[in-house]
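**Q** Residue-level listing of the chains:
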Amino acid sequence: MDLSAISPALLVAALMAGATPLLFAALGELVVERAGVLNLGVEGMMILGAICGFAAAVGTGSPAAGFAAAALGGAALALVFAVLTQGLLSNQVATGLALTLFGLGLSALVGQGYVGIKPPSTPRLDLGPLSDLPFLGRAIFSHDAIVYLGLAATLAVWAVLNRTRFGLSLRAVGENHDAAHALGLKVVAIRVGAILFGGAMAGIGGGYLSLVRVPQWTEGMTAGAGWIALAIVVFASWRAGRVLMGAYLFGGVSVLQLNLQAAGAAVPVEILSMSPYLATILVLAVMSARRKRGTAAPASLGRSFRAPG
Amino acid sequence: MIRLVRRPQPSRAWAWATPLLAVALTVLAGGLMFALLGKDPVAAIRTIFLDPLFNPQYAAYARPQLLVKAGPLILIAVGLALGFRAGVWNIGAEGQYILGALCGAGAGLALYPMEAWFLFPLMVVAGALGGWAWAMIPAILKTRFNTNEILVSLLLVYVAENLLASMAVGLLRNPEGGGFPGSRNLSQWDAAANRELVAGTGLHWGVVAALIAVIMAYVLLHRHITGVHLRLAGSAPRAARFAGVDPNRLVILCLGLSGALAGLAGIFEVTGPAGQISIDFNTGYGFTAIIVAFLGRLHPVGILLAGLLMALTYIGGELASFTLGIPVAAIQAFQGMLLFFLLGVDILTHYRPVAGRDPGRVAGT
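Protein chains in written order, with the numbering used here: chain B, 1 to 309; chain H, 1 to 365.
Bound conformation, chain B alone (with noise of 0.2 Å):
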């Protein structure tokens, strides 16, 4: 195994690029949690912007475009599951799953005609002498847009939930949705504002797979990364700033392993490739146990609510 042929630099480059995709449905799952709904459809949505972000991209011929329909696409699924869980009140895990059945199989059929077609390519954010810097110019300010738009969107999901008004109503809706009902909130309404915020930023998450990282079409290319975001929003407390960290360490444990099969390490091919999945689900019986009883999670996570009287 030759090791030298790892670039520092270029390891914490493809390091950022690849947490992106979870960064991005990570956070949207993180404002749809704490709103008190646990949508276990992330997979799906995100497969879904995957292959609309393609398909548009490669249509238009502008990745623009291309991440527009992608967080589109994820919104319009997200709208099915706030009319089943909060108009018609169906179980929040089961419709969850369906999401993830239906997205995988339409977007299989919607993504026939689009294997082994490469996409127009996302242009690289210029960044002028930034990205002169000896190290950090290639590691770091040699990204495009989506990767920074990615930490932005967690500074403004911190401050928005921490810092304002409507995120105080939204964790209230989250942690009690009776008593925020009675203090004259809107519980659907926000909720299903979040069900959608978090299906349009699942569906940059995988527009930028199959757009920037891979970047092509193939089925179920998203390969579990949107459970995976599910379990970072839980490794991560529900806080925005630990979702970054947590995006930044499972996303670095896939490019290491992706690195180490490329190198040749002596290690099988299919350990280095579950390792990903073994990492996380260490890594969650690790914080469940530390935390014991008390987690947490939103006290109304899953519940339905419906208005009474």
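In case anyone wonders, no lab produced these hints; they're calculated from the structure.
Simulated coverage check for chain B against chain H, where a stretch passes if three residues somewhere in it have a Cβ under 8 Å from a Cβ of chain H: (1) 88 to 100; (2) 224 to 237; (3) 270 to 284.
Each residue gets a CB set at the ideal place from its N, CA and C atoms; glycine is no exception.
Using the hints, position chain H against chain B.
**A** Positioned in the frame of chain B, the structure of chain H alone reads:
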């Protein structure tokens, strides 16, 4: 304006009617989807639901396939439904199915080329244990550390798929296979084969096991104290705790049972219809079984019927892709849609839609 009034008790009539309503709505929406794909919707629906059973040209092949496909779906779904009733969400049945197949096949292949009567039973037991052990990972993490069993069981599916790939090209590879991935053919090895028991019906040991599982699950749920505990824990966790139900015991029981049943489905599949361990012998039964469990309203008898219907969509879907050129992925979307409609119309069992304004409300509130 239509508003919803909560029923004092869930409607029994609607409990039966909602799955049928959901199927009808799915057929309509599916027809629309096929029309959007540029296919004749009536022909597509007929090909999926009727031709496998009644078309003289295809029925001879398709009818036995009904049991072949329904067997594993029912076997897995019965186990999952027990957990879903108790609020234990095992959604990693696909992984337990793979591990069952690997352990069962491994136990058999270790003794190759023995021809003994006990070989097949031994493999079946090993398969069940494999699925059970794989499900014990989320179960123990849940009971010891309170780790979310949904995420762990699902993530283990990806681990299992990689393990399968490794086994198919490594440890379990056929040494006489010329270096191709995949194990020896188990269905052609007399002592290990899971044969068709009655020629032309598709009935094999996995189907027999599925029927037994349906009966056992019915007895457990409706004639045994454990079933009462299961249902109580699912509908009123706090009440269950006061009634002395140990939630950890239920987690171990539900995950263990569903894992073992999924493992059984796996070993019956690789010794019969699939024939060998190959990189992609698993075709998503573990996930489709989730839909089957809900379509059957988490009731063993309902699951029996739901499994047959879902098997029909598999066979009909293959037929439609073969004769009408409808992509196989469309069937997957079709099955997902069915679950949406099921969950959506389920509100009718708990709520009554009423036209008009709420008389109990003061105007303006």
